[in-house]
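From first to last, the protein sequence lines are chains A and B.
When we follow our numbering, the leftmost residue of the first sequence carries the number 1, and every step to the right adds one.
When we follow our numbering, the leftmost residue of the second sequence carries the number 1, and every step to the right adds one.
These are calculated hints, taken from the structure and not from any lab test.
Please read these numbers as outputs of a predicted model, since none were measured by experiment.
Please note: incorrect hints may appear among the correct ones.
What the hints assert, rightly or not - Where chain B lies over chain A, by a calculated footprint (3+ residues, C-beta under 8 Å): (1) 65–73; (2) 188–199; (3) 208–222.
Backbone N, C-alpha and C define an ideal beta-carbon position, used for all residues, glycine too.
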Amino acid sequence: MRLASKKAFVTGGRQGIGRGIVDAFLAEGADVVTCGRGPKPDDLETEWLTLDVCDPKAVADTIQYLGAFDVLVNNAGVQVEKTVVDSTDADWDLVIDTNARGVFNLCRAAIPHMREGGSIINLGSISGTVADPSMALYNASKAFVHGLTRSIAVDHGPKIRCNAICPGWIETGMLDAGFDLANNPARAKTDAIARHAVRRFGKPADIAAMAVWLASDEAGFATGQLFTIDGGMTAASPLNPGLF
Amino acid sequence: MMLDGKIALVTGARGGIGRAIVARFVKEGATVFAADLTPEGSLAAHVEDGSHFVKLDVTHEADAVAAMDRVREEHGRLDILVNAAGIEIEKTIEETSLAEWNRSFAVNVTGTFLTSKYALPLLREAAKLGKSASLINFGSYDGFIADPGLAAYCATKGAVHALTRAMACDHGPEGIRVNAICPGYIDTPMLQSFFNGDGSGGGGGNIETLQKAVRDVHPMRTYGTPEDIANLVNWLASDEARYASGQLWVLDGGLSAQVQQMRL
């Protein structure tokens, strides 16, 4: 039980990676509270708060309600599959408000309430470092998360550690939405798997395993870093001659 | 017990970081082959830690072959290889002799190559059992950002980073994960040597001032311990890290997250 006696708050715990992190934290003995914009999912067996991370007042009230805690996971995020030219003002508001301002809102409110030795884990992305096509605002929002992660580590160490996990392609609703853009989604999936050194996509549990480690005291010297879990995809050149 | 039943070999096993990795692996239930030049390694005392000592000079091909032959005879497979053997020459390139340059590459790069080359068939056997085998190299924070007066060392670590990515691409499909850990300032005999240097680390003989300056420039206000590194090696070696491959894992107390320059 690597997270026994730790209290954690995970945003976006309804599904996908967020839910995987909530389940892993519970399995490791943490006291976990999670949140999302809608009602509590039926199968969730821990406290759920209805919260829109874009709303600074609601975020501040939630942090007050939580009291002192140890681990903050900023997982809530959205993606819009468009180029810069196609993106509307509404797209900007949606993506940047959630992925950038939401993380800012949570960190600003939470840091003064976190216990000494606390750990903030932000969900960045490989897309914050290398661009996915037609994901302009999402890519940019994740680069913001990477920069904010380093800043918090530098400004608020040694009281707080702050790191980002950069998932590659993880089997979630978001991944399927990406493949739906392809001319031939089935062929695109086969090609994508061949570009992964481990020859599969990731699962939410693969990301949750790193989150458990970063949340635990074992990671006491880890701060200010981006930890990529992508099955080896970004270790290879995008131009993979073996696939021609 | 995150490594219960796993077979591991650690090179540089009697050095500062290697020793902590061996101790952790034993504690997590692995059978550990501790490979080094001598049972004592670079430190004064030999420690009975439950591991099996293997005499291995990583620059000698015959030693690498013999070490892997022993693992094959006793277990038929290897689940975890950690290439932790490394040396540091504290000089600029002008001061570095060709022999020192070659020695740096022989241990840090060729050593990683040779041990990995002869471990791969055994790692493949482990992967066939359904769990991913894990190969962990030692890069360094210095493979990204240079410390003064460590030219050959920085260059060897850059080479290890590139080799790590290349091996991850080539052997991932066989079920072998390859990663590198990139430590920052860790309290080891190697770091003490750097502090004691005649200006290469900027110490000028005042080790207390230098140590305090180094601590204060870290966001975590301390340098790391070998156990901090062993914590991540353990995770990467375990099945929890089954989707982690091809990455360079910086563990430096936040040091390289800053633009700030070291003012030693």
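Hints versus structure:
1. 65–73: violated (count 0)
2. 188–199: holds (count 4)
3. 208–222: Answer holds; 9 residues pass the 8 Å Cβ test.
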